[in-house]
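K.L.:
Each chain, written out:
There are 2 protein chains.
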Amino acid sequence: MHIEILCTGDEVLTGATINTNFSHISQKLGDVGLSVRWGTTVGDDRETLLEAFLLAGARADAVIVNGGLGPTVDDLSQEIAAKAANVELVFNEDWYRRMEEFFTRRSRVMPASNRKQAMLPEGAELLDNPIGTACGFALDIGKARFFFTPGVPRELHRMLDEQIIPRLLARSGRPGVSVLKRFHSYGIGESRADSMLAGIEALVPDGSLKLGFRAHYPQLETKLTVRASDADEARRKLAPVEVEVRRRLGNFIVAEDEEKLEGVVLQALARRGASLAVVETFTGGSIAARIAPLPGAETVLRRGVVSRDLAQVYASVGMDTMPDAEVTPELAELVARAARSVTGATHALAVLIALDEGADRIEFGGNICIAIATAQEAVSRKARMLGGREWVRIGAAEMALDCLRRTLQGLPIDERVDFEKA
Amino acid sequence: MHIEILCTGDEVLTGATINTNFSHISQKLGDVGLSVRWGTTVGDDRETLLEAFLLAGARADAVIVNGGLGPTVDDLSQEIAAKAANVELVFNEDWYRRMEEFFTRRSRVMPASNRKQAMLPEGAELLDNPIGTACGFALDIGKARFFFTPGVPRELHRMLDEQIIPRLLARSGRPGVSVLKRFHSYGIGESRADSMLAGIEALVPDGSLKLGFRAHYPQLETKLTVRASDADEARRKLAPVEVEVRRRLGNFIVAEDEEKLEGVVLQALARRGASLAVVETFTGGSIAARIAPLPGAETVLRRGVVSRDLAQVYASVGMDTMPDAEVTPELAELVARAARSVTGATHALAVLIALDEGADRIEFGGNICIAIATAQEAVSRKARMLGGREWVRIGAAEMALDCLRRTLQGLPIDERVDFEKA
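In the order they appear, the protein sequences are chains Y and P.
Residue numbers for the first sequence follow our numbering, so the first one is 1 and each next one is one higher.
Residue numbers for the second sequence follow our numbering, so the first one is 1 and each next one is one higher.
Since the hints were made in silico from the structure, they are not lab data.
Quick caveat: nothing in here was measured; it's all calculated off a predicted structure.
Each hint should be verified, as a subset may be incorrect.
Identical copies carry no separate label here, and so any pair may be met within one copy or between two of them.
Stated by the list, open to error - Derived SDA-like pairs (lysine to any residue); straight-line CA-CA distance at most 25 Å: (1) Lys143 to Ala58; (2) Lys83 to Arg59; (3) Lys181 to Glu11; (4) Lys260 to Phe364; (5) Lys181 to Arg167; (6) Lys237 to Ala202; (7) Lys382 to Asp414; (8) Lys143 to Leu50; (9) Lys223 to Thr20; (10) Lys237 to Asn114; (11) Lys83 to Asp140; (12) Lys382 to Leu249; (13) Lys210 to Asp194; (14) Lys223 to Gly318; (15) Lys143 to Arg46; (16) Lys143 to Leu55; (17) Lys28 to Glu11; (18) Lys421 to Val152.
Please work from the sequences and hints to get the whole structure.
P.N.:
Below is the structure:
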């Protein structure tokens, strides 16, 4: 099936808005085994829109159009869709009532301009939008089925999942459901993960399991997509594969599905009634900033301390100053122990970094020393990272949070990761 | 002039990579008064690439193609360009030597696969890439001039600025230069800024000045673009306008051009040999994290402290605990004074936030109290912000850094901003 995505709107065309809707749609389709063949971006301009609709309608089997369903004069999707399909716009009484209820629930009066959102091309199939006033719809133009979606990301996401993907799967001759399972890992690159998971697709002998990766430094996402006749069957097929992925990627898995590393760390601390102190240098507060705003962090993150000056680091945790001390794992352990003691936290994480000298460049690196102190002990590791100031900073924050996760889960913290320099 | 952008590559088409190159190109062209009419995205597939090249060549006057110039087998731009233009690929000796030098300078041997990058369509005009091995080139396909650019962002950016935009301006019959001046402000929305700058374009009577905005919460960017026969003339035209924009937007301007708010704050502190302590609660370290990684911060950012627990905040700055104290500007001043005293910093910034209760929602807000202590005094302000947890957090961090900037520049810190709830 030849699928296209057609994004509309001056904001996207001029680059004022980065087009994340396009990548979201394409990824989501890819996750269920549908691939996009062509993308088009045009502005809020009648002539160009019509040309784009007709071209896509002549090429594709299915087209997802994003944007242009709003109440303002520059929202033209319904009008041009009707023109391209050679039908009239007709007033949809049902959707108009839905909009009125939408405003009533919010104790507001619906502006007259919203009436426009209930004008749909004759014969269009309505695609429900339970969280907004922009009505999605489907319509044939040329030889393609067009699916019109709102530009507001959360409305698009829901309509895509609930309305459009099932229809596309049915059209592609592959009815049933597609379920996605995601593992987030830190420390292994895509090619290493690929070889660690060699042969995994064969665990579902009917060929309905697909393995994929998405790398976004410093994490790697491993995706399993399975097709089945219903959700129960999908879960049954996935269950043994999930167990095997956990076994093979093992300690490197930091989170699954919607979880995030910082959330996993926070929950592990909260579950045991523990609390945390964090001491940062070049990471500058970015480790604390990932934990502190989370719901529940107010009782767990006891204190974060940041300084680029080691003398201040010592002072902030009540240590005597140590002139000329080198940044070592042992020093990081001393700092972590002191931070734990001065804050009364059950756990303390210290991340000391000795940066290279000179201007930023791709070979610019840093020596990172990470220590974690608990009531029982202090553990530490070191690593050298390269790739410029930002990569070192981001990589050090990730490794530090991951060391904390490993400690909380009883795993070794010094396994070699692919991002460290040998 | 009808301009199109044609992005190639499976990574972009599948959504694995968010297409920031598209928005960069479109914005840059918009900044010099050229507008993009159509965007196309296709994968690394011969048939689709050829179709996309021919379609764009039939529609446009100029097409910027991004990606597909690398050394691997899935990099197809030169091959398909030659096919679409009905010419042969020919070996470019000059570019081959440039690549060899490129590798030699890095003490590496050039892999044989790179030879492919020196194969260009016959008659193509070379577009220099001084920082990579992907050779840009220009070529006529259909009625359009095609400009082929590398996918690596920094290589694309430079080629666009130095090679392509001047050629496009010449082709558009508007020789000369276009100069962009940018002001970054905090605290005024786009519509307020628009009315504050009413009539500003008329300060350049020949109509060559264009005013534009780009809002990215919580900052607003105001852009002045002027066209002139050369850079000197552009600067002469801009000079009085810049003075007037500074006068009208006044205290709200936080930075200009490539500067950032945190950089302006760091420089203002460094210039007077000052140092800084930061105390954060719900902002969680995100204020410190904007300053700490900057070159030079190691001697200025003396200490940052983060806690979601006020008792820990007091302890970390050596204050006696104050049970049941309300979050007020006065309390923030006490904390800032104490932080200054315990760290020995010349300046201390304290940001206390009382968050609303309950689940995150669009009406979720926080009461923000910001104080700055110096040797002479302590100043403070409060504000209520709404919009959900993330908006409150981001807005509070911005307002706090801006209050610090205002203090360092001798400006009032309590001017009303558009993002606070009346």
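K.L.:
Now, for every hint given, state plainly whether the structure supports it.
P.N.:
Hint check:
1. Taking the shortest alpha-carbon separations for Lys143 and Ala58, both the intra-copy value of 6 Å and the inter-copy value of 23 Å come in at or below 25 Å.
2. Taking the shortest Cα distances, Lys83 and Arg59 sit within 25 Å of each other both inside one copy (18 Å) and across copies (21 Å).
3. For the identical chains of this complex, Lys181 and Glu11 are inter-copy neighbours only, at 21 Å across copies versus 34 Å inside a copy, given an alpha-carbon limit of 25 Å.
4. For a Cα distance limit of 25 Å, the shortest separation of Lys260 from Phe364 across copies, 23 Å, qualifies, whereas the shortest one inside one copy, 28 Å, does not.
5. Proximity of Lys181 and Arg167 under a CA criterion of 25 Å is satisfied intra-copy only: 21 Å inside one chain copy versus 49 Å between copies.
6. Proximity of Lys237 to Ala202 under the C-alpha cut-off of 25 Å is restricted to the intra-copy arrangement: shortest distance 11 Å within a copy versus 69 Å between copies.
7. Taking the closest pair of Cα atoms, Lys382 and Asp414 come within 25 Å of each other only inside a single copy of the chain (8 Å); across copies the shortest separation is 46 Å, beyond that limit.
8. For a Cα distance limit of 25 Å, the shortest separation of Lys143 from Leu50 qualifies both inside one copy, at 15 Å, and across copies, at 22 Å.
9. Within a single copy, Lys223 and Thr20 get their C-alpha atoms as close as 20 Å, and across copies as close as 24 Å, so both meet the 25 Å cut-off.
10. Within a single copy, Lys237 and Asn114 get their C-alpha atoms no closer than 46 Å, and across copies no closer than 44 Å, so neither meets the 25 Å cut-off.
11. With identical chains, the CA atoms of Lys83 and Asp140 are at most 25 Å apart within one copy only, with a shortest distance of 12 Å there and 34 Å across copies.
12. Taking the shortest Cα distances, Lys382 and Leu249 sit within 25 Å of each other inside one copy (22 Å), while across copies they are farther apart (49 Å).
13. Taking the shortest alpha-carbon separations for Lys210 and Asp194, only the intra-copy value of 12 Å comes in at or below 25 Å, while the best inter-copy value is 52 Å.
14. For the homomeric pair Lys223 and Gly318, neither the shortest alpha-carbon distance inside one copy (46 Å) nor that between copies (49 Å) is at most 25 Å.
15. When the C-alpha separation of Lys143 and Arg46 is checked against a cutoff of 25 Å, the pair qualifies both within a copy, at 21 Å, and between copies, at 23 Å.
16. Proximity of Lys143 and Leu55 under a CA criterion of 25 Å is satisfied in both settings, with 10 Å inside one chain copy and 19 Å between copies.
17. Taking the closest pair of Cα atoms, Lys28 and Glu11 come within 25 Å of each other both inside a single copy (23 Å) and across two copies (14 Å).
18. When the C-alpha separation of Lys421 and Val152 is checked against a cutoff of 25 Å, the pair qualifies only between copies, where the shortest distance is 24 Å, while the shortest distance within a copy is 43 Å.
Of the numbered hints stated above, those contradicted by the structure are hints 10, 14, listed in ascending order.
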